[in-house]
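Dock chain S against chain Z, hints included.
Protein sequences, first through last, are from chains Z and S.
Position 89, counted from 1, in the first sequence is what my numbering calls 89; the numbers after and before it change by one each time, with no gaps.
Position 142, counted from 1, in the second sequence is what my numbering calls 142; the numbers after and before it change by one each time, with no gaps.
What the hints contain is simulated information worked out from the structure, not anything from laboratory work.
Every residue, glycine too, gets a C-beta built ideally from N, C-alpha and C.
Hints are all accurate, no fakes.
Which bits of chain S does chain Z cover? Going by a derived footprint, with three or more residues having C-beta under 8 Å, they are:
{"id": "1", "region": "27–34"}
{"id": "2", "region": "114–126"}
Distance condition first, Cα-Cα at most 30 Å in a straight line; then the derived DSSO-like pairs of lysine-lysine:
{"id": "3", "chain 1": "Z", "residue 1": "K128", "chain 2": "S", "residue 2": "K224"}
{"id": "4", "chain 1": "Z", "residue 1": "K141", "chain 2": "Z", "residue 2": "K128"}
{"id": "5", "chain 1": "S", "residue 1": "K161", "chain 2": "Z", "residue 2": "K141"}
{"id": "6", "chain 1": "Z", "residue 1": "K41", "chain 2": "S", "residue 2": "K218"}
{"id": "7", "chain 1": "Z", "residue 1": "K141", "chain 2": "Z", "residue 2": "K28"}
{"id": "8", "chain 1": "Z", "residue 1": "K141", "chain 2": "Z", "residue 2": "K2"}
{"id": "9", "chain 1": "S", "residue 1": "K113", "chain 2": "S", "residue 2": "K89"}
{"id": "10", "chain 1": "Z", "residue 1": "K48", "chain 2": "S", "residue 2": "K161"}
{"id": "11", "chain 1": "S", "residue 1": "K161", "chain 2": "S", "residue 2": "K45"}
{"id": "12", "chain 1": "S", "residue 1": "K89", "chain 2": "S", "residue 2": "K218"}
{"id": "13", "chain 1": "Z", "residue 1": "K48", "chain 2": "S", "residue 2": "K89"}
{"id": "14", "chain 1": "Z", "residue 1": "K128", "chain 2": "Z", "residue 2": "K2"}
{"id": "15", "chain 1": "Z", "residue 1": "K2", "chain 2": "Z", "residue 2": "K28"}
{"id": "16", "chain 1": "Z", "residue 1": "K48", "chain 2": "S", "residue 2": "K218"}
{"id": "17", "chain 1": "S", "residue 1": "K45", "chain 2": "Z", "residue 2": "K48"}
{"id": "18", "chain 1": "S", "residue 1": "K237", "chain 2": "Z", "residue 2": "K128"}
{"id": "19", "chain 1": "Z", "residue 1": "K41", "chain 2": "S", "residue 2": "K113"}
Per label pair, the in silico range of CB-to-CB distance:
{"id": "20", "chain 1": "Z", "residue 1": "W27", "chain 2": "S", "residue 2": "L15", "range": "51 to 61 Å"}
{"id": "21", "chain 1": "S", "residue 1": "I117", "chain 2": "Z", "residue 2": "A78", "range": "44 to 54 Å"}
{"id": "22", "chain 1": "Z", "residue 1": "H131", "chain 2": "S", "residue 2": "P193", "range": "53 to 63 Å"}
{"id": "23", "chain 1": "S", "residue 1": "M222", "chain 2": "Z", "residue 2": "E101", "range": "21 to 31 Å"}
{"id": "24", "chain 1": "S", "residue 1": "P199", "chain 2": "Z", "residue 2": "L139", "range": "55 to 65 Å"}
{"id": "25", "chain 1": "S", "residue 1": "W203", "chain 2": "Z", "residue 2": "Q53", "range": "42 to 52 Å"}
{"id": "26", "chain 1": "Z", "residue 1": "K141", "chain 2": "S", "residue 2": "F64", "range": "48 to 58 Å"}
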Amino acid sequence: MKILIPLDGSSNAERAVSYVVSQLGRWKEMPTVLLLNVQWKVATGNVKLFINQDTINAYYREQGMSAMQSACSILDAAHISYQYHISVGKPAEAIAQYAQEEGVDEIVMCRQGQGGVQQVLLGSVVNKVLHLAACPVLLVK
Amino acid sequence: MLEMFMTAPFWVDVLKIIMIDVLLSGDNAVVIALACRNLPAEQRKQGILFGMAGAVVLRIVLTFFAVSLLSLPYLKLVGAFLLIWIGIKLILPEDEHDEGSIKADTRLFGAIKTIIIADFVMSLDNVLGVAAAAKGNVSLLVFGLLISIPLIAWSSQLVLKLIDRFPYIIYAGGALLGYVAGEMLVSEALFAPLVEAHPALHWLIPGVCAVLVLTVGKWLAMRKTTTERAINLLDGKVTVVADKSSDVISK
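This is chain S alone, in the form it adopts within the complex:
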């Protein structure tokens, strides 16, 4: 058991999982905070608490689902393609689309429902990535979960700040997701005879997938690249007129 922790590949896998967790965790904390904003003050704490608990439980359940699903034939194939897509999405700049029609829920139950559904959708990429990187190793899987849980609760500003400081981190993350997807492809039972015949495929396919994600991601990003402008949200003025201050707020 202990020897396992001493090997280099194990630590490489640990690093992979941390990276995937950090880059694909982002949004949950924001949704929890925002969904509870419209609740009456006394229910807000409750909402956040239930929301977080729900998110954590959901993450655990989803992870184990993902692992058992990925042991089925052909599903690794699907998972690998999904991961490649997730990697490309990571590299792509944000689309500005306005979903104007969502109603703000002012009831506790409604807020929790929003949080859980959002968590479900937003956990999928993370769970799939971690499950693929863990390659069925239970201790790695649990480790990945443990890392992701504080990230759910934590402010996602951390991720934004990291990307701002090291913009290339998203390319590294995209390549990593591609690589992990490739590893998943190689381990797909369907290709077992082929891979056995050509051992070089063990690193060739992940490499090709990583490059694929990078090139497609970069190419798509270049097509719609616009330097993102900061949005002006609020303008206000306080004018002191003979000791009387008046507030003028304009949007």
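Bound conformation, chain Z alone:
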């Protein structure tokens, strides 16, 4: 059993982690918990002319790790093994892709919690993941 929890660094995403931790007793075997943070590919063509790839990658890594920090500490505190991963790309697509690559059995996620204008203009990652994912998606309210 592999459970993927995508994290965006918000407190909502932490709730998904806490939920998974609270539900772990449901499985006979300890499930594998995978954490994923997706960084927007902010450094495109022009930026690469001035900044080297190492610096860009270090930036993604730093941002990604800090987004997963609180989730990691929740899992550490609960003494649960986990894997973490940082992808660079579009969030929903990258989540679906990673889930496929890893053969994930279930994706557990929360809404980002943005409402109103933001929701309309920027859309929801959850909605897109529901469309793209090949495995069950559990939406934690």
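Frame of chain Z; chain S shown alone:
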């Protein structure tokens, strides 16, 4: 003065400028943040501050340069073709090319130099687009500048998210740049007699330019279309072995 704000064409121009500003602003904030990363922590804030200030001043100077340059004969022609190219580039998917040789600068002066040079290069498309859309109207120009300044400082994730949500926004942006380029062509003094003789050219040429950008952009994009995969950057594992956690990090 006030009547000017009440007319529909004015607001159309305002919308054009906002759109151009948003779509062509992207990269500056990223470069500023990244160029300062390798600085010692206490210089980082300084670097970001100087970088932003430099970018804003540069943007203002460039805009006024662009406007005065565009009043010269023939240069509108050049500007229009540049804009058409910028529009096509906007539609094209990103080329993956690795510039591996750039050294990361660890000194404040070096970082600021990088930021300013990068700003110069990356502001050009925005400045040209706004100058063309403003058509010499100073209040529109200043408005365009004011809109672009917070975008310099702001995270460019906004633009990425917008494009992710509404992928067609880049086609609209490309067409808009083509249209604006066409308007610039029409106002080129060289063609003044021709345009006067055929008033229909006032909307025909911009329309043709917009369609041109769309078709060329779409055609080139189709030729090299590959669905972009997400890049796997980092893989790590924390294994709990009898209360002792060990970190295994693999790239």
